[in-house]
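All chains should be modelled from the sequences, with the hints used to inform the complete structure.
There are 2 protein chains.
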Amino acid sequence: MNAPTAHQHLTPALAPREVPAELIAALQARFGANCSTALVVREQHGRDESPFVHVPPPAAVVFAESTQDVADAVTLAAQYKAPVIPFGVGSSLEGHLLAVQGGISLDVSRMNKVLSINAEDLTVTVQPGVTRKQLNEEIKSTGLFFPIDPGADASIGGMCATRASGTNAVRYGTMRENVLTLEVVTASGEVIRTGTRAKKSAAGYDLTRLFVGSEGTLGVMTEITLRIYPLPEAVLAAVCSFPSIEAAVHTTITTIQMGVPIARVELLDGASVRMVNQYAKLNLAETPMLLMEFHGSPAGVKEQAETVQEIAAEHGGVSFEWATTPEERTRLWTARHNAYFAAIQSRPGCRAVTTDTCVPISKLADAMLDSIAEANASGLHYFLVGHVGDGNFHVGYLIDPNNAQECALAEDLNHKLVTRALNLGGTCTGEHGIGLHKMAFLRTETGEGAVNIMRTIKRALDPDNIMNPGKIFSL
Amino acid sequence: MNAPTAHQHLTPALAPREVPAELIAALQARFGANCSTALVVREQHGRDESPFVHVPPPAAVVFAESTQDVADAVTLAAQYKAPVIPFGVGSSLEGHLLAVQGGISLDVSRMNKVLSINAEDLTVTVQPGVTRKQLNEEIKSTGLFFPIDPGADASIGGMCATRASGTNAVRYGTMRENVLTLEVVTASGEVIRTGTRAKKSAAGYDLTRLFVGSEGTLGVMTEITLRIYPLPEAVLAAVCSFPSIEAAVHTTITTIQMGVPIARVELLDGASVRMVNQYAKLNLAETPMLLMEFHGSPAGVKEQAETVQEIAAEHGGVSFEWATTPEERTRLWTARHNAYFAAIQSRPGCRAVTTDTCVPISKLADAMLDSIAEANASGLHYFLVGHVGDGNFHVGYLIDPNNAQECALAEDLNHKLVTRALNLGGTCTGEHGIGLHKMAFLRTETGEGAVNIMRTIKRALDPDNIMNPGKIFSL
Chain A
1 MNAPTAHQHL
11 TPALAPREVP
21 AELIAALQAR
31 FGANCSTALV
41 VREQHGRDES
51 PFVHVPPPAA
61 VVFAESTQDV
71 ADAVTLAAQY
81 KAPVIPFGVG
91 SSLEGHLLAV
101 QGGISLDVSR
111 MNKVLSINAE
121 DLTVTVQPGV
131 TRKQLNEEIK
141 STGLFFPIDP
151 GADASIGGMC
161 ATRASGTNAV
171 RYGTMRENVL
181 TLEVVTASGE
191 VIRTGTRAKK
201 SAAGYDLTRL
211 FVGSEGTLGV
221 MTEITLRIYP
231 LPEAVLAAVC
241 SFPSIEAAVH
251 TTITTIQMGV
261 PIARVELLDG
271 ASVRMVNQYA
281 KLNLAETPML
291 LMEFHGSPAG
301 VKEQAETVQE
311 IAAEHGGVSF
321 EWATTPEERT
331 RLWTARHNAY
341 FAAIQSRPGC
351 RAVTTDTCVP
361 ISKLADAMLD
371 SIAEANASGL
381 HYFLVGHVGD
391 GNFHVGYLID
401 PNNAQECALA
411 EDLNHKLVTR
421 ALNLGGTCTG
431 EHGIGLHKMA
441 FLRTETGEGA
451 VNIMRTIKRA
461 LDPDNIMNPG
471 KIFSL
Chain B
476 MNAPTAHQHL
486 TPALAPREVP
496 AELIAALQAR
506 FGANCSTALV
516 VREQHGRDES
526 PFVHVPPPAA
536 VVFAESTQDV
546 ADAVTLAAQY
556 KAPVIPFGVG
566 SSLEGHLLAV
576 QGGISLDVSR
586 MNKVLSINAE
596 DLTVTVQPGV
606 TRKQLNEEIK
616 STGLFFPIDP
626 GADASIGGMC
636 ATRASGTNAV
646 RYGTMRENVL
656 TLEVVTASGE
666 VIRTGTRAKK
676 SAAGYDLTRL
686 FVGSEGTLGV
696 MTEITLRIYP
706 LPEAVLAAVC
716 SFPSIEAAVH
726 TTITTIQMGV
736 PIARVELLDG
746 ASVRMVNQYA
756 KLNLAETPML
766 LMEFHGSPAG
776 VKEQAETVQE
786 IAAEHGGVSF
796 EWATTPEERT
806 RLWTARHNAY
816 FAAIQSRPGC
826 RAVTTDTCVP
836 ISKLADAMLD
846 SIAEANASGL
856 HYFLVGHVGD
866 GNFHVGYLID
876 PNNAQECALA
886 EDLNHKLVTR
896 ALNLGGTCTG
906 EHGIGLHKMA
916 FLRTETGEGA
926 VNIMRTIKRA
936 LDPDNIMNPG
946 KIFSL
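Protein sequence lines, in the order shown, are assigned to chains A and B. The opening residue of the first sequence carries number 1 in the working numbering; numbering runs sequentially from there. The opening residue of the second sequence carries number 476 in the working numbering; numbering runs sequentially from there.
Simulated from the structure, these hints should not be mistaken for lab results. Do not take every clue at face value.
[As the list claims (entries may be wrong)] Example chain A residues on the side facing chain B (calculated, C-beta under 10 Å, incomplete):
| no. | residue |
| --- | --- |
| 1 | 119 |
| 2 | 200 |
| 3 | 205 |
| 4 | 304 |
| 5 | 363 |
| 6 | 438 |
| 7 | 440 |
[Stated by the list, open to error] Taking lysine to aspartate or glutamate pairs in the EDC-like style, the calculated list, with each CA pair at most 20 Å apart, reads:
| no. | chain 1 | residue 1 | chain 2 | residue 2 |
| --- | --- | --- | --- | --- |
| 8 | A | 81 | A | 177 |
| 9 | A | 302 | A | 314 |
| 10 | A | 302 | B | 781 |
| 11 | B | 777 | A | 18 |
Using N, Cα and C, we set each Cβ at its ideal position, and we do this for glycine too.
Now the structure itself:
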């Protein structure tokens, strides 16, 4: 495993393929004003939240408004063997949206309808451009909610593509567990369905799970059926401050090992709490903190919270504070969700190199503490947040993307941190995906054998390598 | 969708390929006494619990004792392009183990070691021949358990291959949700790993989920890492009798829709309770019955059970009885698990044609009631059990496999039942797999487009079609 250099870090391997003028003309003929070649539009679709800032934009952007639009765009691109990059809201962190091999961006953000709400079955079917907040707004009146909540208000399509999760995953699972079936436009432009609305199935290969997490490299999702959940009868949120990261982490480990069905357990370090306080005008104690939530019956959440309070006290946790009103809870969780943006704003012009390792829960302290010591020693600004109940945490090194030394330093810290997690039996990415940034780590993590199986599947399903080429693995 | 005829039903399409004497000789040279060509051994490996009884046995049986054994056997078979059929304990219901294209049976039942128990991470790694009961026995002292429980004491490898579930799936999920990572021998004899022990991951294609449910057609699993769970602090089981199937089903639907975290909710009809009573010397009321279990804290399980008792009462449920001691509970659940064998024994010499549809929960009554009326009108003996909390139920038509008329009648009932479930948005198989019996239904369920994707993956990963050929789909 070779660490990328600072230069490679900011400019990934580019291998642009020619996009013929005939294709652009054909797309313009088919899509009219919904096919744009304006530089500002292309540039907006040629970047994301990753630290890669020096990649040329796609040749055109097609705004799809229906499954047929997607099928037609892909069919045309396939005729000319031009890359197609699906685009939701642009909140990817790993360079998934960047046109490293040229091609067209296929923006599905206008496919933003909630198609059907089956409240009595606890399912909902949406178009890929629906965002997670929009979805929860539209199903609110049913008393149901969709729990998966990455930091950004991401599109459901993008969340499927990267197998996203968030703060509720410790109890409700990730996109892997919560997508029931998909409609997908394949690399040949064919529309297929991967399954049914049944809660479980043993009917053939699990195509749903194959497309979830495939980062747009196998097809474009055009309809997504999700599991949704009854809003819990009672919700209790709590904040607890700790004398050290270690104490907070060990409180989490014990909570999980005891089987407490905690719904959320999030770690922030003192510096991150400070950034959040400044950004959201809060007065949280600027020490390592666990932000927790319990879902269940009134008696059940009280019982869970008391158990965790006892565990926290044994580890030196102090000022265990309750937030029971919806307003208090919303304020706290909004602050947590804005931690990334709070950090970015704390240093104008910076980008974040964000780590995303996930390790078996007993290894969490081992995975985190040395990495934090290294980050402290480096002198770089950084933030630290974690979905610690799942063994997943993020260090975001805040770098000036034009400062090669900072880039190299961040890459070096990232490399050490990921290597440590892999050695502890973990993964290089818990929820952000491989994209451009973790391709070398994937090979180390699973071995060439598994990556070769992925390559074989990719070649078989997309023989001309037009679907988001250059991501996850090289061919 | 064409219903198979009675003749097709008992004798699936056979296309035996020659197994060269050189291959047998090479396997005998490599495996010695662990390669058997004795007729009794071959015949034992040429059948399962499916109604298919007229298929010639495999040419030889190799008993693998290690990953290297599996890799060597597959490598040799690949050289001669001979089919390889993985074999666990032989409890498959859909003909998965039958040598419809000839070849060798690869018995992994001697690979029955629990390799590591990571109690602090709630994971365990086993060889594929470990059975579910053995696993729970070996981890009992840790205070943890593995919840997935198909009726038979199946092997973990077989349970992965068919994406099995059972009575606890309504709360703990199926093999889909509970396999963390696999070691697999691919069709070329290469050993790969699909993932890590991290609870969640966004690292590339979800190969774990691709192999889970692939029915031995893509490779042989040689190591399986599973999630395990803390034994609940409190467990409460309850039995409730109902005046009708409908009342029991509607009680279940309301329970699920209200979000009660029930751990098990199983339906038996009156005739099935009678068979169970006779087989297990019990005195349960011989009316439609729900058998339930609640897991949690003492206060939590009481709260859940009271909620369900109220719902049941509204639907006419009577004699809600508690079973709180472990002995009582074990007696009840053993009886439930033996329902299949109780039914088979109720009619000596019979086989069961077992349905396995799973529908969205709101459609469960629609899916069941007309099918039961049809079964009653047919005059066939049958049993009815259901993992109703998941929308999954089984009707087992008890037929004399040598009586063509009974076979045809059972197939006709099965065809109507599955068609009804598919029209209601369900799947033809919730947990048994496609095997030989549901290949036509799979095409109707997902459409040719999705099946073609499966075929493309199969051809790419197993170009000579040696891994359990002729199952799931035709090529």
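Legend entry - Ascending list of hint numbers which this structure does not respect: As far as the earlier hints go, 7, 8 and 11 are violated by this structure, in ascending order.
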